[in-house]
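Here the protein sequences line up with chains R and D, keeping their order.
According to the working numbering, the first sequence is numbered sequentially starting from 627.
According to the working numbering, the second sequence is numbered sequentially starting from 4.
The hints are simulated quantities; they were obtained by calculation from the structure and are not laboratory data.
Please read all numbers here as calculations on a predicted model, not as lab measurements.
Quick reminder that beta carbons are idealized off the backbone N, C-alpha and C, glycines included.
Keep in mind that the hints are not guaranteed to be accurate.
As the list claims (entries may be wrong) - Facing chain R, from chain D, some residues (calculated, C-beta under 7 Å):
1) 9
2) 121
3) 122
4) 124
5) 129
6) 227
7) 271
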Amino acid sequence: MNPVQKQSRRKVLKTIGATGALLCAPAIVRSQAPSTIKVGWAISKTGPFAGGAAVTQWPNYLLWIKDVNDAGGLRIGGRKVMLEHVEYDDRSQSEEAVRACERLVNQDKVDIMLPPWGTGMNLAVAPIFHRAGMPMMTGSFVSDRIPEVVKRWNNVFVMLNTAETYAVALVEQLKAMRAAGQINDSIAMVHVTEGFGLELANAGRKAAAAGGFKLAMDRGYPIATQDLSPIIAEAQRTSADTFVAFSYPPDTMGLTEAARVRAYNPKVFYSAVGTFFPVYRDRFKENADGVLGIGGWNPDSQAFRDYIARHVVMHKREPDRWGASLFYAGLQAMQQAIEKVGKMDNPAIVAELSKGTFPTIVGPVKFRNNVREGGWYVGQWQDGDFVGVGPKQPGARAVRVPKPAWKAA
Amino acid sequence: MLQFFDALITGITLGGMYALIALGLNLQYGVARILNLSYGEMLIGGALLAWALFTAHGVSPLVGSLAILPLAALVGLATYRLALMPLVRRSPTREALEVDSLLASFGLLFVMQGIMLAAVGGGYLSYGYLSTSVDVFGTLIGANRLLALAIALTAGLLLYAGLTRTRLGTAVRALAVDPVSAQLVAVDVNRLAGWAFALGAVLVALAGVLISMFLTFSVTMGVIFTMKALIIIIMGGVGNLLGGIVAALMLGLVESFVATYVDPSLTLASNYALFLVVLLIRPTGLFGKASR
Chain R
627 MNPVQKQSRR KVLKTIGATG ALLCAPAIVR SQAPSTIKVG WAISKTGPFA GGAAVTQWPN
687 YLLWIKDVND AGGLRIGGRK VMLEHVEYDD RSQSEEAVRA CERLVNQDKV DIMLPPWGTG
747 MNLAVAPIFH RAGMPMMTGS FVSDRIPEVV KRWNNVFVML NTAETYAVAL VEQLKAMRAA
807 GQINDSIAMV HVTEGFGLEL ANAGRKAAAA GGFKLAMDRG YPIATQDLSP IIAEAQRTSA
867 DTFVAFSYPP DTMGLTEAAR VRAYNPKVFY SAVGTFFPVY RDRFKENADG VLGIGGWNPD
927 SQAFRDYIAR HVVMHKREPD RWGASLFYAG LQAMQQAIEK VGKMDNPAIV AELSKGTFPT
987 IVGPVKFRNN VREGGWYVGQ WQDGDFVGVG PKQPGARAVR VPKPAWKAA
Chain D
4 MLQFFDALIT GITLGGMYAL IALGLNLQYG VARILNLSYG EMLIGGALLA WALFTAHGVS
64 PLVGSLAILP LAALVGLATY RLALMPLVRR SPTREALEVD SLLASFGLLF VMQGIMLAAV
124 GGGYLSYGYL STSVDVFGTL IGANRLLALA IALTAGLLLY AGLTRTRLGT AVRALAVDPV
184 SAQLVAVDVN RLAGWAFALG AVLVALAGVL ISMFLTFSVT MGVIFTMKAL IIIIMGGVGN
244 LLGGIVAALM LGLVESFVAT YVDPSLTLAS NYALFLVVLL IRPTGLFGKA SR
């Protein structure tokens, strides 16, 4: 308890001092832009969410701040203002995230707050963002209830999409393959029994039925399952040409490894979260080629290539090919909205975000009902890169079926 | 029939991996009486070193372990001498030491995790080694998983033989049963406990090295392994290596058969159900004190 009290006492003293200084200063100083903009966030640096957050999220927060500062700062009312940041570890616990966000608003008095990792965490802290009136630019928040959420909290912006969007886009791809006689109408579907995996599976079941596919297998497995061979073995016993796993990163790797070891070679092999990580290619090398997954990017985009290069310089590793760039693009959109408004006026920034179109590294970003329009829903590893194959749009690559058989490692 | 063998062989290899994870904790908790909550972090430490040697320098994890295992012994011994010895000295009873060591190793957990996070960050780490498929009675299994099984069984049986057939082993067992009385028959309790703790560290590092060949891990994943190891040694009977291996194989088989014949989403539940049933029937574990 003591450090907190001490902290707040210091804060009080600081506030008194600052108020005094302000009173003494001429009135004109107060109307000017602040000397620095404080950006703050709570995110999982430890605990089960730390892995995903480290691959996809906070490196982009830091990269964005660096890029803005390297360009001289955020342009506010004709002046350039540098960014500084505060970061807390929420230890993958939502109570911690809530506490840290309260602290960011009330004690650190941040001007811009960025969301934590994952759907559950984002939901937990959304009321705090809303109370503070701050725009909440999410990149790891994904749910079928997004429409309800953004109706309730109009300051929440979503760079991802509903699980349904991704499942339907996948089934669209499968329908085209079936029409071309490349696959049969049977799917072996598995999912991790956790948040996004469950939602994708629900949506996938409906989309498959609507698309005239039948599920030869429909199984869930707990997160952190250490041997996925029995699941691959069951899929192997079906006659399905398509294997779909609505998986999380460790089991995406585990399923691929088990499929390779057991020489399970369906014509279509799809896995969800984690497929787009650079570590996937590093681990499976040329065996990654032909694997379908969620997300993707447009390799023709020079802006995206430059972004990858900057990310490598700053963090000594590549960004993933989906979520990472969306975080960065979301922050770019927010930056442009702030600069357009010209002051740290949150309601005006929120209004600008909901109506404007913003050029970013992933192309123009526009929000319809607070959810980003468009994007990549299905990607595929092709010649060492995870490229977007669906939906059809400029830059989309043709999907390659069947996936080549696994080679021995 | 093929399906049955499939499940059987997968279950045995998985059980072998679990046995490997639990061996070291059995020595640390069963013999040295340190309930080491940073156990999983030590495992990740071994995995991390193997990963770093392989990805940065192309060193085979098996060759790498020649350096990693002695290092683990040193770290284990130093940890015992510096961090845990004061607790051992001042604890009046075994129970008091368990509580004290639990708290101390909880702190150690964060220190180790923090160091590893600072070194490589929290992302997922993965590489493949010895991942060629081996045909075992018609079931394809990764060679690395088979190696883990073989090493678990060998190490477990060697240790068991050492404990039951040698003079030093008898002293160690005396220490595990009653550290106070052991002193009466000239057993240097503190030194022996330190060695047992260090040997436990070597085994857990070995488990980490082997597991890193086929599992994707991150430096924050240690707690999963600590939990698994705890369940296994409590189920097998604390301090009984053979019991630990039997318990691990049971867990692996149940997981594999439930996944194959019932539903993969029930594997976790079935593992805990088995754990509960065993404890209800034999509160001290399968091979607990009563049968020693």
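Should the interface hint for residue 9 of chain D be scored as holding, given a Cβ-Cβ cut-off of 7 Å against chain R?
Check passed: Cβ of residue 9 of chain D comes within 5 Å of chain R, closer than 7 Å.
Per the CB criterion, is residue 271 of chain D less than 7 Å away from chain R?
Because about 4 Å separates residue 271 of chain D from the closest Cβ in chain R, which is inside the 7 Å limit, the hint holds.
Interface hint compliance - residue 129 of chain D to chain R, C-beta minimum distance less than 7 Å
4 Å, holds
Classify the hint on residue 227 of chain D as holds or violated, based on whether any CB of chain R lies nearer than 7 Å to its CB.
5 Å, holds
Can the hint on residue 121 of chain D be confirmed by a CB-to-CB distance to chain R that is less than 7 Å?
11 Å, violated
When the nearest CB of chain R is found for residue 122 of chain D, is that gap smaller than 7 Å?
Violated. Min distance 13 Å.
Does the closest beta carbon of chain R sit nearer than 7 Å to the beta carbon of residue 124 of chain D?
Holds: closest Cβ of chain R sits about 5 Å from residue 124 of chain D, inside 7 Å.
Figure legend: structure checked against the earlier numbered hints; hints not met, in rising order: 2 and 3.
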